[in-house]
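K.L.:
Each chain is listed here by its residues.
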Amino acid sequence: MEWTKHDLLDLHDLSRAELELILKTAKSFKEVSSREVKKVPALRGKTVVTLFFEPSTRTRVSFELAAKRLSADTLNIAASGSSLSKGETVLDTALNIEAMNVDAIIVRHFSSGVPSILAENLRSSVINAGDGCRAHPTQALLDMFTIQERFGRIEGLKVGIVGDILHSRVARSNIHGLTRMGASVTVCGPSTLMPIGIEKLGVNVNYNLDDVIQESDVIMLLRIQKERQQEKYLPSIREYAKVFGIRQQRLQKAKKRVLIMHPGPTNRGVELTADIADGEHSVILEQVTNGVAIRMAILYLLLGTKK
Amino acid sequence: MEWTKHDLLDLHDLSRAELELILKTAKSFKEVSSREVKKVPALRGKTVVTLFFEPSTRTRVSFELAAKRLSADTLNIAASGSSLSKGETVLDTALNIEAMNVDAIIVRHFSSGVPSILAENLRSSVINAGDGCRAHPTQALLDMFTIQERFGRIEGLKVGIVGDILHSRVARSNIHGLTRMGASVTVCGPSTLMPIGIEKLGVNVNYNLDDVIQESDVIMLLRIQKERQQEKYLPSIREYAKVFGIRQQRLQKAKKRVLIMHPGPTNRGVELTADIADGEHSVILEQVTNGVAIRMAILYLLLGTKK
Amino acid sequence: MEWTKHDLLDLHDLSRAELELILKTAKSFKEVSSREVKKVPALRGKTVVTLFFEPSTRTRVSFELAAKRLSADTLNIAASGSSLSKGETVLDTALNIEAMNVDAIIVRHFSSGVPSILAENLRSSVINAGDGCRAHPTQALLDMFTIQERFGRIEGLKVGIVGDILHSRVARSNIHGLTRMGASVTVCGPSTLMPIGIEKLGVNVNYNLDDVIQESDVIMLLRIQKERQQEKYLPSIREYAKVFGIRQQRLQKAKKRVLIMHPGPTNRGVELTADIADGEHSVILEQVTNGVAIRMAILYLLLGTKK
Chain G
431 MEWTKHDLLD LHDLSRAELE LILKTAKSFK EVSSREVKKV PALRGKTVVT
481 LFFEPSTRTR VSFELAAKRL SADTLNIAAS GSSLSKGETV LDTALNIEAM
531 NVDAIIVRHF SSGVPSILAE NLRSSVINAG DGCRAHPTQA LLDMFTIQER
581 FGRIEGLKVG IVGDILHSRV ARSNIHGLTR MGASVTVCGP STLMPIGIEK
631 LGVNVNYNLD DVIQESDVIM LLRIQKERQQ EKYLPSIREY AKVFGIRQQR
681 LQKAKKRVLI MHPGPTNRGV ELTADIADGE HSVILEQVTN GVAIRMAILY
731 LLLGTKK
Chain A
431 MEWTKHDLLD LHDLSRAELE LILKTAKSFK EVSSREVKKV PALRGKTVVT
481 LFFEPSTRTR VSFELAAKRL SADTLNIAAS GSSLSKGETV LDTALNIEAM
531 NVDAIIVRHF SSGVPSILAE NLRSSVINAG DGCRAHPTQA LLDMFTIQER
581 FGRIEGLKVG IVGDILHSRV ARSNIHGLTR MGASVTVCGP STLMPIGIEK
631 LGVNVNYNLD DVIQESDVIM LLRIQKERQQ EKYLPSIREY AKVFGIRQQR
681 LQKAKKRVLI MHPGPTNRGV ELTADIADGE HSVILEQVTN GVAIRMAILY
731 LLLGTKK
Chain L
431 MEWTKHDLLD LHDLSRAELE LILKTAKSFK EVSSREVKKV PALRGKTVVT
481 LFFEPSTRTR VSFELAAKRL SADTLNIAAS GSSLSKGETV LDTALNIEAM
531 NVDAIIVRHF SSGVPSILAE NLRSSVINAG DGCRAHPTQA LLDMFTIQER
581 FGRIEGLKVG IVGDILHSRV ARSNIHGLTR MGASVTVCGP STLMPIGIEK
631 LGVNVNYNLD DVIQESDVIM LLRIQKERQQ EKYLPSIREY AKVFGIRQQR
681 LQKAKKRVLI MHPGPTNRGV ELTADIADGE HSVILEQVTN GVAIRMAILY
731 LLLGTKK
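Residue numbers (our numbering), protein chains in the order written: chain G, 431 to 737; chain A, 431 to 737; chain L, 431 to 737.
Hints are computed from structural coordinates only; laboratory data are not their basis. Watch out, some of these pointers could steer you wrong.
Identical chains share a label here; the pair holds if one copy fits it or two copies do between them.
Cross-link-like lysine to aspartate or glutamate pairs, in silico, DMTMM-like; alpha carbons within 20 Å at most [stated by the list, open to error]: (1) 656 - 518; (2) 435 - 466; (3) 454 - 579; (4) 683 - 705; (5) 588 - 641; (6) 457 - 432.
Treat the numbers as computed from the prediction; the structure is a model and nothing was measured.
Taking the hints into account, I'd like the entire structure generated from these sequences.
P.N.:
What follows is the structure, encoded as structure tokens:
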């Protein structure tokens, strides 16, 4: 199988073979980051730009490191609060950056669909680093990589995604990727935060966390945004923690090898207790490590293999 | 001709032969940015610092990319709102940076003359990335490069510069550079924004945009700062757009090969309509591309050729 | 003598032999920064992160340059005002960064002890770039390097440290380092800013600046924080300048080869007059130059020599 895509916008666009190629490529790049000299010349002389309209140090740093370990030149543009968008459209801004002969633009934007608009209009490769509530493909890919590394497979596993499904681009991208890879996904969360018709994406809905814990091989927790409470989606954070938070006692009903995942940053005591975040089932830091490998793989496939 | 200057402060200081050397050098570096591996080792082991007292993502990124493509190490210092200038003078700040053995300091400052003061006191090369209303030499050079690339020459061309001439360092630097290269420059704009005695710089003044359009080979638009309206220089933005904005109908009287230039970011619907910004006469994105080549040339001439 | 330490937290932890090894290593790296090609491949493929919870352009830039001249990849994370610490502990943040396989984390934090907590919990090397009022080891090392370079030795010299001793991590680290190297240290400053029991650190206390000036080989001035006046530590900045500021007339009683040092940025007219800051005794800019060499030495010893 050869890679042919020009952009990474959403896992929905990728075939199972493409997903498998990404995971396989990431595996070899993970090894690079564990070397004494964590650097390969694959993208020497390429220019990779992060263009973030929403602040995110964590994701930006992961992409920047991935690019640097491939020997690309990197540029960071924080478009929120910068002088960039003085009356300019997002597309104008991106076209200006592209005009400097950049190879990839990694974009994060609070509005769903911005990466797709850019991809339609740019010659540079566009990588979606999160758009609105729509997609966050590299997060889902690193989650899938982590699951596959631990279980040796994704097919046939039961994955429970718990939390604010409504606003979560992480959930959406994981649903697309995991179901395509043959996992069975159940979503769980407050009914106010459950999108109507989510079943159409091929997932089960279960409002009872204890049921979900009992049957899952993987429990994927979503970060709760505290501002949702003010928006009346949640009665209180304390109430959320009580009903949807993972704590030791609750986990006793789980499978023996269950994985606890979280995209970070965690709210300790809300989505999960501190002992579980640091406990034997947690792979939260492993997810961060794998994030660099996945982003190296994506950059390499998009920029390093084309003529 | 050999390059001998130590700093780039203002095009006024450069001879025609020096301007031609810069344009010729930029031409060869433009080719570098179009390669698969956009990188040459010319400035390996040199340190280039951007020191911006005024925010400007666009110009900073262009210089940073230029330095990286020459293999220099780059450091960005945003002096506005940073901890840098705690009670220190600008010169003290620059001397501190220089003390770290940096080769070039690229400075942008809201006060006219700051780059000259630094150049008098530093051993590092100083590059003016815009000072007050005084000079923005690399912008003018990239404009000149773009014109020469399109017409094969600058000599004998008629260039109209339209907008807020009074506050524009872009206009001043272009006037110096273009007239020295033998172009004929006409400035055009609201009379409140036209400096008294501008003719002494060797330009024509014409308040009638339609006249200027008709006779020009190049129409260079200046960005209108919306705050000028509050300062009573402008009756309204809408009024400005009506009298000095470029739109399709107006352009019909222009020469067939007329170039429309703008230093960016454009206010679509003000200085020009969207269809013209994206139209066949516009070279706005080409200017951005050429900016990297010009800045590579300047860095190379200042740092790469001295003993 | 071989280097064995994993972190740099405080000079208190280092033996005289270790301090001497750092100073000797820095000497050879100072030479690198004076070359045409200021770069050695010692840390190629290593990742060095600055994680600053307190803003400091100056120290961050010095570390970043040091890392780049050793060919390491660098990442800057400004944790103050970033999206990083959304409800996360500092340790969680650092563990997340470490999970990306970084080799060193250079941390500055307003709370004393944070670097030590990180060092206990991380596999990456932790370098303290200043914590609360506790320690700023690289600043003291560069001061010691500057003294040794000028006098050929530290042993037996008399060093006066003048200013806000109470809040100064620079003073504390210098006291540890200088006394271990055999210098005799006298602290001097307003009694409200003199820690009770400071003599236990092996220093003399003298409230009379003229006495201290007369006997010292080195006068090390501390930056006065203007906010201390609001906190009632100081009657007024003017009063401080009169009693503890260095001016020409006062310096006439000093030794002929006396050195005037300041960690920067200086408040001209407060800690010292402008003519003294720029005068023959001042080594303020030399300190900045030596800062890069010391930081290269630390990074090299921590990362470049281990298996």
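K.L.:
All hints are to be evaluated individually against the structure, with a verdict given for each.
P.N.:
Okay, the hints, checked on the actual structure:
1. With identical chains, the CA atoms of residue 656 and residue 518 are at most 20 Å apart between copies only, with a shortest distance of 13 Å across copies and 32 Å within one.
2. In this assembly of identical chains, the alpha carbons of residue 435 and residue 466 lie at most 20 Å apart only when taken from different copies (18 Å versus 32 Å within one copy).
3. Proximity of residue 454 and residue 579 under a CA criterion of 20 Å is satisfied intra-copy only: 11 Å inside one chain copy versus 46 Å between copies.
4. In this assembly of identical chains, residue 683 and residue 705 lie within 20 Å of each other by CA distance solely inside one copy; the values are 17 Å within and 64 Å between copies.
5. With identical chains, the CA atoms of residue 588 and residue 641 are at most 20 Å apart within one copy only, with a shortest distance of 12 Å there and 73 Å across copies.
6. Taking identical chains as interchangeable, the C-alpha atoms of residue 457 and residue 432 lie at most 20 Å apart only when both belong to the same chain, with a minimum of 17 Å there against 37 Å between chains.
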